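Chemist: Produce the entire structure from the sequences given, and follow the hints as far as they go.
Under the working numbering, think of the first position of the sequence shown as 1, with each following residue one higher.
Be aware that one or more of the hints could be misleading.
[Unchecked claim] Here are the computed lysine-lysine pairs in the DSS-like style, where the Cα-Cα straight-line distance is at most 27 Å:
hint : residue 1 : residue 2
1    : Lys49     : Lys36
2    : Lys113    : Lys81
3    : Lys144    : Lys49
4    : Lys38     : Lys155
5    : Lys113    : Lys86
6    : Lys144    : Lys155
7    : Lys166    : Lys144
8    : Lys166    : Lys38
9    : Lys36     : Lys144
10   : Lys166    : Lys36
11   : Lys144    : Lys38
12   : Lys49     : Lys166
13   : Lys36     : Lys155
14   : Lys49     : Lys38
15   : Lys88     : Lys113
16   : Lys166    : Lys155
17   : Lys49     : Lys155
[What the hints assert, rightly or not] Distance ranges between label pairs, derived from CB positions:
hint : residue 1 : residue 2 : range
18   : Thr110    : Leu58     : 37 to 43 Å
19   : Asp37     : Tyr180    : 38 to 44 Å
20   : Val135    : Gly34     : 21 to 27 Å
These are computed hints drawn from the structure, not numbers from a lab. This structure is a prediction, so every number in the text was calculated from the model and none was measured. Even for Gly, the Cβ is constructed at its ideal location relative to N, Cα and C.
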Amino acid sequence: MILQRLERRHRCLQLTGIWILAFVFALPVIFTQGLKDKNGLLRCQRTMKSQSVVTVLLFEILLGFIIPFCIMLTCYLWLDKGLRQKAKSSSLIRAPQDQEPRNQGTNIWTYKKRLVISIVVAFFLFWTPVHIINVIDIVTTLTKTSHPDVHSQLKTFRQVYGDASKTLALLNCCLNPFLYAISSQNLMKCFRMR
1 MILQRLERRH RCLQLTGIWI LAFVFALPVI FTQGLKDKNG LLRCQRTMKS QSVVTVLLFE
61 ILLGFIIPFC IMLTCYLWLD KGLRQKAKSS SLIRAPQDQE PRNQGTNIWT YKKRLVISIV
121 VAFFLFWTPV HIINVIDIVT TLTKTSHPDV HSQLKTFRQV YGDASKTLAL LNCCLNPFLY
181 AISSQNLMKC FRMR
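Modeler: This is the structure we're talking about:
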């Protein structure tokens with residue numbers, strides 16, 4: 001009983017720490033975003049000096065894509081290893097003589113593996129364009145005075161594809177629940193087969 005309370009309190013502290021860290025990482029947006037009038041339309045855009053833009057974008061790429069992707073990949077590889085070991089041990093269980101050997105453990109592992117792969121691939125595919133645009137923004141900022149022709153071409157490219165890349169990233173957030181739901185239905189079918 002006491003151990004459960006300690007574990008619950010420890011879990012609450014961890015979750016609180018994660019939320020505080022997320023809030024701290026989101027703080028720069030408050031200070032770097034502003035409204036700009038573009039042809040009579042107000043747009044929410046970054047409003048800061050060129051060097052600050054480069055720093056913020058590099059942090060966005062590092063903290064918003066590279067580190068999360070590496071952590072996600074590492075955690076899912078560990079999960080995959082554990083599921084594989086569990087599937088091997090459960091596939092050793094045999095059904096009675098008149099039935100086929102049970103392979104539901106392998107089926108469950110396959111469904112979970114597909115879920116993990118689809119989540120990692122979806123994250124990569126949907127978030128990569130945003131960070132490619134961030135790299136283009138960095139190059140655009142750095143070439144503003146030295147290569148004005150390159151700067152204008154990159155700026156045009158960014159204006160055309162920037163919003164589409166952000167839309168893709170937000171679609172990823174909408175897609176994950178469906179991936180989990182589809183996987184859950186497949187898992188339920190697998191359990192019903194038993």
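Chemist: All hints, please: hold or fail.
Modeler: Verification of the supplied hints:
1. The suggested pairing of Lys49 with Lys36 holds, with an alpha-carbon distance near 15 Å, which does not exceed 27 Å.
2. A distance of roughly 10 Å separates the Cα atoms of Lys113 and Lys81; the hinted pair therefore holds under the 27 Å criterion.
3. Distance hint between Lys144 and Lys49 is fulfilled; the C-alpha atoms sit about 12 Å from each other, no more than 27 Å.
4. About 14 Å separates the Cα atoms of Lys38 and Lys155, which keeps this hinted pair within 27 Å; it holds.
5. With a C-alpha separation of about 12 Å, the suggested pairing of Lys113 with Lys86 holds against the 27 Å cut-off.
6. Distance hint between Lys144 and Lys155 is fulfilled; the C-alpha atoms sit about 10 Å from each other, no more than 27 Å.
7. Distance restraint check for Lys166 and Lys144: the Cα-Cα separation of roughly 23 Å lies within the 27 Å cut-off, and the hinted pair is therefore satisfied.
8. Straight-line distance between C-alpha atoms of Lys166 and Lys38 comes to about 19 Å, which keeps the hinted pair within the 27 Å bound.
9. The hinted pair formed by Lys36 and Lys144 meets the criterion: a straight-line CA distance of about 19 Å does not exceed 27 Å.
10. Among the hinted pairs, Lys166 with Lys36 is consistent with the structure: their alpha-carbon atoms are about 18 Å apart, no more than 27 Å.
11. The suggested pairing of Lys144 with Lys38 holds, with an alpha-carbon distance near 20 Å, which does not exceed 27 Å.
12. In summary, the hint linking Lys49 to Lys166 is supported, as the alpha carbons are separated by about 22 Å, within the 27 Å threshold.
13. As the CA atoms of Lys36 and Lys155 are separated by approximately 16 Å, the hinted pair is consistent with the 27 Å bound.
14. Only pairs whose Cα atoms come within 27 Å are accepted, and Lys49 paired with Lys38 is accepted, the gap being roughly 19 Å.
15. At roughly 14 Å between alpha-carbon atoms, Lys88 and Lys113 fall within 27 Å of each other, so this suggested pair holds.
16. Proposed proximity of Lys166 and Lys155 is supported: the alpha carbons are some 16 Å apart, at most 27 Å.
17. Restraint check: the Cα-Cα separation between Lys49 and Lys155 comes to about 16 Å, which is no more than 27 Å; the hinted pair holds.
18. The hint said 37 to 43 Å for the Cβ distance between Thr110 and Leu58, and at roughly 39 Å that hint holds.
19. Separated by about 42 Å at the C-beta atoms, Asp37 and Tyr180 satisfy the suggested range of 38 to 44 Å.
20. In this structure the supplied range 21 to 27 Å holds for Val135 paired with Gly34, their Cβ-Cβ distance being about 23 Å.
Every hint, counting from the list given before, is met by this structure.
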